[in-house]
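Asks: Here is how the chains run, residue by residue.
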Amino acid sequence: MIYRETGQFKDSYSDDQALFPIAQDRYVIYAVLFVTFVVVPMLANEYWVNAILLPFLIYSLAALGLNILTGYCGQVSLGTGGFMAVGAFSVYKLMVAFPELGFIPLVIISGFITAAVGTLFGLPSLRIKGFYLAVATLAAQFFLVWLFNKVGWFVNYNATGMITSPPMTLFGVLITGPQAPPVAKYLLCATIVAIFALAAKNLARGRLGRNWMAIRDMDIAAELIGVRPLMAKLSAFAVSSFYIGMAGALYFAVWLGSAEPTEAFDINQSFLVLFMIIIGGLGSVLGSFLGAAFLVIMPILLKNIMVDGFGTNTALAAHIEIMTIGVLIIAFLIVEPHGLARLWRIAKEKMRLWPFPY
Amino acid sequence: MTIDNLSTEVLLRVEDVSLNFGGVKALDGVSFDIRKGEIRAIIGPNGAGKSSMLNVINGFYHPQRGTITYKGQTRNQMRPYQAASQGIARTFQNIALFKGMSTLDNIMTGRNLKMKTNLFWQALYIGPARKEELENREAAEHIIDFLDIQAIRKKPVGKLPYGLQKRVELGRALAAEPELLLLDEPMAGMNSEEKEDMSRFIIDVNLEFGTTIALIEHDMSVVMDLSDRIVVLDYGRQLADGLPGEIRANKEVIEAYLGVSHD
Amino acid sequence: MIFFIEVVLSGLMAGVMYSLVALGFVLIFKASGIFNFAQGVMALFAALTLVGFMEKFGMPVWLAIAGTIVVMIALAWVIERAMLRHLINQEPIILFMATIGLAYVLEGLGDILWGSDVKLLDLGIPQGASDWMLDNFDIYIEKLEIFAAATAAIMVTILAIFFQKTSTGRALRAVADDHQAALSVGISLHTIWVIVWSVSGIVALVAGIMWGSKSGVQFSLSLIALKALPVLILGGFTSVPGAIIGGMIIGVGEKVAEVYLGPFVGGAIENWFAYMLALAFLLFRPQGLFGEKIIERV
Amino acid sequence: MKIRNLTKTLVAALLAVPLVSGIANAYELTIPSFDYRTGPYAPNGIPFANGYGDYMNMLNARDGGINGTKLKLLPCETAYNTKRGVECYENVKNQGESGAVAIQPLSTGITYQLIPKASVDEIPIFSMGYGRTSAANGKIFPWVFNFPATYWSQATVFVQYIGEEEGGMDKLKGKKIALVYHNSAYGKEPIRTLESAAKKYGFEFMALPVDHPGQEQKATWLQIRKERPDWVLMWGWGVMNQVAIKEAASIRYPMDHFIGVWWSGSENDVLPAGEAADGYLSGAFHKPGDDFPAHRDIKKYLYDKGKGLGELDRIGEVLYNRGLVAAMWTSEAIRKAMEIHGTNEVTGKHVRDGFEALDVDEARLSELGLPDFTIPVKITCENHEGPGKAALQQWDAKKKQWIFVTDFYEPLRDITGPLIAEDSAQYAAENNVTARDCN
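Just so you know, the protein sequences line up as chains V, W, B and F, in that order.
Mapping of the first sequence onto the working numbering: residues -3 to 354, in sequence order.
Mapping of the second sequence onto the working numbering: residues 7 to 269, in sequence order.
Mapping of the third sequence onto the working numbering: residues 542 to 839, in sequence order.
Mapping of the fourth sequence onto the working numbering: residues 17 to 455, in sequence order.
No lab work stands behind these hints: they were computed from the structure.
These numbers were taken from a predicted model, which means no experiment stands behind them.
All clues stand as given, with none of them false.
With beta-carbon atoms standing in for the labels, derived distance ranges: (1) B/ARG826 with F/LYS415: 50 to 60 Å; (2) F/THR450 with V/VAL147: 22 to 32 Å; (3) F/GLY305 with V/PHE306: 31 to 41 Å; (4) F/ASP272 with B/LEU675: 17 to 27 Å; (5) B/GLN705 with W/HIS68: 30 to 40 Å; (6) F/HIS357 with V/GLU42: 21 to 31 Å; (7) V/LEU97 with B/VAL619: 49 to 59 Å; (8) V/VAL147 with F/GLY305: 43 to 53 Å; (9) W/HIS68 with B/TRP673: 52 to 62 Å; (10) V/VAL323 with B/GLN705: 33 to 43 Å; (11) W/GLU202 with B/PRO633: 38 to 48 Å.
Ideal Cβ placement from N, Cα and C applies to all residues, glycine included.
Model the full assembly from the supplied sequences, consistent with the hints where possible.
Replies: Right, dumping it as structure tokens:
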């Protein structure tokens, strides 16, 4: 009976509208935040930050973005890699041109730039639906990557088209570049992700979120009750791209430190993020995190266990690794097509009834 | 309900509307009006063009010929959301709820047009946005009480039994506080008591909120009890238009419609 | 002028090569509404198996091919057993995701079984430019691609006959139109799926052979799937002729663009141009060139 | 339920990483080997990794490591993917007592990735003939070494060869040279060099990009057929090479006027084209074949005992030898480091000094059982490119082997020099690095 809301009466709608109406959920969240911002920074070593935590956080942000578009608004997109590139190159140009603005504002500006681009490429969604749209967004993917690869201006005419993130500080602490202490990088990303995850949750439970879901579930009916498809879809594209753009900015500036468009933002990037939200759970903020965690950690985990643990040779390990991932994906989908997030909810339901299941 | 409380102010007038899909005539020169505050029934056999008529009224279909005059302004085309924003709401023949969302959210979506705060406030979920959400939650809760569906407030509608889904859909339409409410077979596939409940709701809506209602229904007894006036369609043509009594008496109608079995 | 013809011709040929891959997608999507992401990897897997049979077991070509076909059918059966039947009536995107899982599995399996080196695939398919064309008309066409075109033609004919004449074929179409209907006339969805996946497995083998003899059999083979996607949206996910015609349009379009437009913008525009072209088509026909019309009702 | 598993496995991950660093009895030198035995470029990655690993293991088996200190080869699969490269780097850099003593990233992307990190973690990056060309400037990039020659030097070598074939550099005027390149950072490397060479010698230069992976190059070769360049250079990788060579053959482009970079000159690249590839040229800085004492030792000490990483009959392939020569230079740098710092317990920091003082001449090569296997290399503080020389090898389809057809050319430093200065200056400016003093 650890998890039950009986006895928790809500005497106002505002209580009921609260983010986590059930007390236990609130405690869980506090615990998570505590771990994220206090425990992890104390424990995490460089390997954990650079190899696991940073990619996890950054992909979570990207997944959040895509989930808004695909999970909530039902528009499947495979342009994520391209949009991340927009964010990355925007922040690069800005960092070189206006370092005085400070890193976080620059990241947010890059987000807005990406939002604009995303909205532009969202226009076809007004006519094209389903997988047709999905494949059509690949046009964005390939075009954007080509653009950044071709136009010298984006890379400040670097001979090879590589961009390297110049060192920047926040509150006097380095947060980009090789000298930056891992913990600083981690805290920066964690903070941004936490804030915007909250924002996403708010949007999702508000009017905009409902309109998105209405379009997703039955666009015709939605239009007939006064949801403007144009506004709903484009706003979804804009918000989604905003998130993905910021993710791209952090991905390049904080995590990788240098990037080349053709490799760092290729089509696999788009697929990876899409997998994350499907496995994690479409239309679920929590799902975005679970999906990212799964696809970031699982491969490394398998690799470490096999290679370091059992001394399997790297090639075989890599092959087994990819097969295992594949099998796990299928297994998950069979067990719970609605993703890890749903599994979590079911688990909670169980706990709610336990030990008296009736 | 009865003739005397029937105002004469016309809310909506349909004039000589024709609609065809690739040669097939769905509507052919249909003309009738709906008066403020009345319950107007549209009947006819399957494929008579009843649903098409509603779709024309709220702008989902665009008639090739004819005009629609709503609240004094005449037009022959408008986008559905414009219709909605001018106070036309509707329910659907085969339920068109947002299956992934809870009852409450469905109804809140219905209030979409009443809500104005912008993205940024919503993202913060404080100040105006929060206030707005709460106000509209209040309103939504009224409808929930009115339809007596408190129990399923948080349930995803996809899993609800048919009768309840119909009810939620009505709720979603009411949430918009419409002037004109279009009901497309609100009682299809219901058992007799569910039908009774539904009829009661419709009448209450009409009386309490003074909402004008246009309804399509097959069940003659229901139609005859509920409606103030009835228009009969058959294969897109307008067969008759009048008070329930007159329709009941109308020979043509009896032959064309009441005669034949309707399923 | 000659050169332009040349460009168009090789565009057409390249297009057919794409169509070979696209066909597999179409078959499965048509019959089960599944967007089979694994199609490319299936081509790779088939080709690997074929080469493996020939190299490791020294089988003659015909036997190796027969063997590979058997393998692909077995694969289809396993896929249906282990995966599809547990995912009946799921949303398309879930099924799509599942096929991605499948792609991963096949990718790993193929490497483990047959290794990751480049393997020569020589079935005696004519290679290199057609000297006759080159000498007489100074037009450059790959023999292999002419061969591929011919194969594609034959394959489409066979498929057409299969769909129109045979009872199984009709059953498949029934399923494509309406699952319930199909079930009601007493066709087991399971058998249907096994058949479809087998057929597209064989199509994948053909694609694998063609691309394999072009560039040697290696991992990159699985990436040709990306070349097939614009063909799909342009031709429509559900149309076999669409896959062919779409392929040709894409092929010609991207080649002409690359040769005549590329030099001015720095080249390598083929990829995105193909998608842009398809996108442009979609704006006029949201269901693709030959896809079934989408009718919205309430 | 699934969730619980996930958390469980998470804990496992925590344990999995330190597992290795735990075991350390005698002092061992951790030698990471960034392999790619999977993914689209595996066919090239595998032989290199085998050559690199075999040589190190052979040193262990034959002389018990370097000066008696064992080498611990630490393979890590990157799949030629930058993101996995990051994980590999973080994973290997602190393992063992020594920590990673030198890293061979084997990917331009990963190299760029590690260049800034290297100086912080004090691990030398040895990007042998690839990566960031301007890293040749030791004043700006003290931790990066890209000897024996950069792409830019190589490009100028090709230009010289072409000049010779045409009968003098002056004959280059009015000639047309095309570059078919992998549309990525790696492929774009030579463009500026060739452009300025074109300016200097007055030949016409056209660049034709090919997108990854490059199975479909019709358009590219149609353009070549139309423009009829006198020479075609190629900066290709993976399947792109095979397809390009086939296409070239099909349009009857003369193979002996088609020159590939040294990553486009392995058996993998020419074999699929069969007879048609005969006469194709490529850059090289080491000999092919297994007819060297070192190779015999590898067979004797490893393959005869079944400890070899690859297949016996593939020893001596071009990419295998490339891995081997990389291992040789790395081990020599370590040896040098031990000599300089007078200890066998060297770390990355020391090995960097070893690289910077590296001097492997003919005599030393013979001692190592690799008589004139490659060019003598001498590294200095400011010059991390070393000789910058390259030769050309030609494919003999009958014998199925590569044959050296030229001596080693000096690069045209008057062309590469300014470019390197400019590019390294830009890097220094963007990352506020100050050039160190080398005197």
